[in-house]
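Given chain A's structure and the hints, the job is docking chain B onto it.
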Amino acid sequence: MVGQHSVILMVVLPLLAAPVTALLPGGRSSWAIVMTVMALCLIMSLGILGDVISGSLIHYELGGWAPPWGIAYEIDGLNALMAVIISIVGTLVAIYAWYSVPADIPENKQPLFYAAYLLCFLGLLGMSMTGDIFNVFVFLEISSLATYALVGMGRNRQALTASFQYLILGTIGATFFLIGIGLAYAATGSLNMADLAIRLSESTHVQTIHTAFGFIFIGMALKAAVFPLHQWLPRAYTYAPITVSAFLAGTSTKVAAYVIARMVFTVFTPEYSRQTLFNELLMVLGAIAVIHGAVRSIGQTSIKPLLAWSSLSQIGYFMIGIGLLSATGLMATMIHIFNHALIKTTLFMAAGILLYQTGSLRIASLSGMGRHMPLTFAAIIIAGLSLIGVPGTVGFISKWYLVLAAVEQQAWWIVAVLVLGSAMAIIYVWKLIETLYFQPTTEPHDTGHIERTPALIIPTWTLAIACIYLGLDTGISVGAAEAAVNSLGLLSRP
Amino acid sequence: MKDNIILRIVAKMLIPLIILFALYVQFHGDYSPGGGFQAGIIFSSALILYRLIFGLEAGDKAIPRPVLKLIASLGVLLYTGTGVAALFMGGEFLNYSVLADTPVHGQHMGIILVELGVGFTVAATMLLIFDSFAGRPLTTQDAGIEKQHD
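Just so you know, the protein sequences line up as chains A and B, in that order. Every letter in the first sequence is one number past the one before it in this note's numbering, and letter 369, counting from 1, is 394. Every letter in the second sequence is one number past the one before it in this note's numbering, and letter 68, counting from 1, is 83.
Bound-form chain A, shown alone (with noise of 0.2 Å):
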């Protein structure tokens, strides 16, 4: 029974443990069912992929209802490789909580902190599944709502400020989106993404649809951070508890990101993009982000807005790769988004490891921490060289898919953009690896307890070294994203 309900069991486990969660007096407890729930899940969505990746869909009606009048789950492997992303990131990251959370929030409050994470897990998960749009929408602002909380709950007074920065902005993006919606309700009568993509090239409505694609794309723009409306994800990124930059760093933009590549792969077509001038927009996009992300990020001078502001840049990437509108180009948006989330929760996780030791992000005072830190130190390194796209690790795979892409296309300034963003990146990762390892320690600090607390260091290490080995055997990712591009193909063209 688990085998074909899955799917939902998926969104609804989350669903059920959040509330449970929420009422649990003390944090170890709700901790403990978080942690539960995500394994689960993990499980789940790699069962899901295992069945997916062969070929074949896996189509769930709620409620016994048909689309298109019912909401559909229709998994294909796009899907399935974004809930185990999530899925991944959110089991590691809850690992990460055990000694995260208690360091930064309120004892009362961390039951509810874990309601929200899971909340938020669960609309992510959700985003990535559904196969009705406006269940898009619902599940958006689920994760949206949750999130903001999650933000606000940061240390620092600021976290409130960037948390309701983020809410206003985020409210308007989602306003976008449903308006979007609306139009192409109105165009074409229906929400089921299969049955818009049929009607969307049926309908005579030409405007109601350009209309509804405009809205639709600045929505999830801004819920995606894409040049030029990301200017909410920095301060949000740096104010967070440690666990929640984390976790969205994996997974929140990466969702809206996904949202946009199936907008313009299967709902409207890549024939509508390209008539429209749309791919070019976000190639154009795409790459001004590449290097407005890394120029910014070189100027910060502390941790975690560099990361922030680096995956702006990485966020480019991915807008390149589906602005390419091939099968090549969206692969590498694939694999680039899978090996994003693990090279960026890496970094962040590290980076709080040195925030729990030393009490401080800023790059100044944590100059020759790293000697003093071997463990940390090893992660940033590897995840900072897979950011970059050194050969034999995660990046570099992503990196060379996009520019075998941008090759097959003779699009040789997006060759350009992809070198220059790469050697921007060796400049911000140098900066925190020169200041780290090779200047003297100004600052006295305890050292080297901290780095040994086994639920910080075990989700580290299991994605640095994810880095490595899946940079080494290419076959799991690039065949996931394979198996995702080649379902899709099936699906645009019925």
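If you're looking for bench data, these hints aren't it; they were derived computationally from the structure. Please note that a few of the clues may not be correct.
To be verified - Pairs of lysine-lysine, DSBU-like flavour, derived with a Cα cap of 35 Å: (1) B/K84 / B/K27; (2) A/K134 / B/K84; (3) B/K84 / A/K456; (4) B/K27 / B/K76.
Below, chain B without anything else, positioned relative to chain A:
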């Protein structure tokens, strides 16, 4: 405002009527406009009126905050629980048809249970939001922790 006799008497007369109307909207929601969300809002408006007239302490005495939290969570559990019950009885998630002997009967039962869950959660959450904005530190323990973090 509890010294104003007109407000007090009118509120005492109105509150039961508002609650009655909320229950009507709740339980007639499957036949007529209405349902859990609207009913929950109407229900909470009665209790918010009570808080406005008789003060927050009296409101808290009527339904203490931990109870509100419990109700808010139970509502969500009732909703998902109904869905999962359908799942265990052989249907899809939220497929009410399998809940009772005939599909029509099952659909009825399902929608009433789900809407009841929505009503619980909405009413309790509205009151929790009102209480939070009205700025009443709940217990001394909560108040102590707030102060520490300021």
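Going through the hints against the structure:
Restraint check: the Cα-Cα separation between B/K84 and B/K27 comes to about 25 Å, which is no more than 35 Å; the hinted pair holds. Taking the CA atoms of A/K134 and B/K84, the gap is near 13 Å; set against the 35 Å cutoff, the hint holds. Taking the CA atoms of B/K84 and A/K456, the gap is about 48 Å. The hint is violated against a cut of 35 Å. With a C-alpha separation of about 16 Å, the suggested pairing of B/K27 with B/K76 holds against the 35 Å cut-off.
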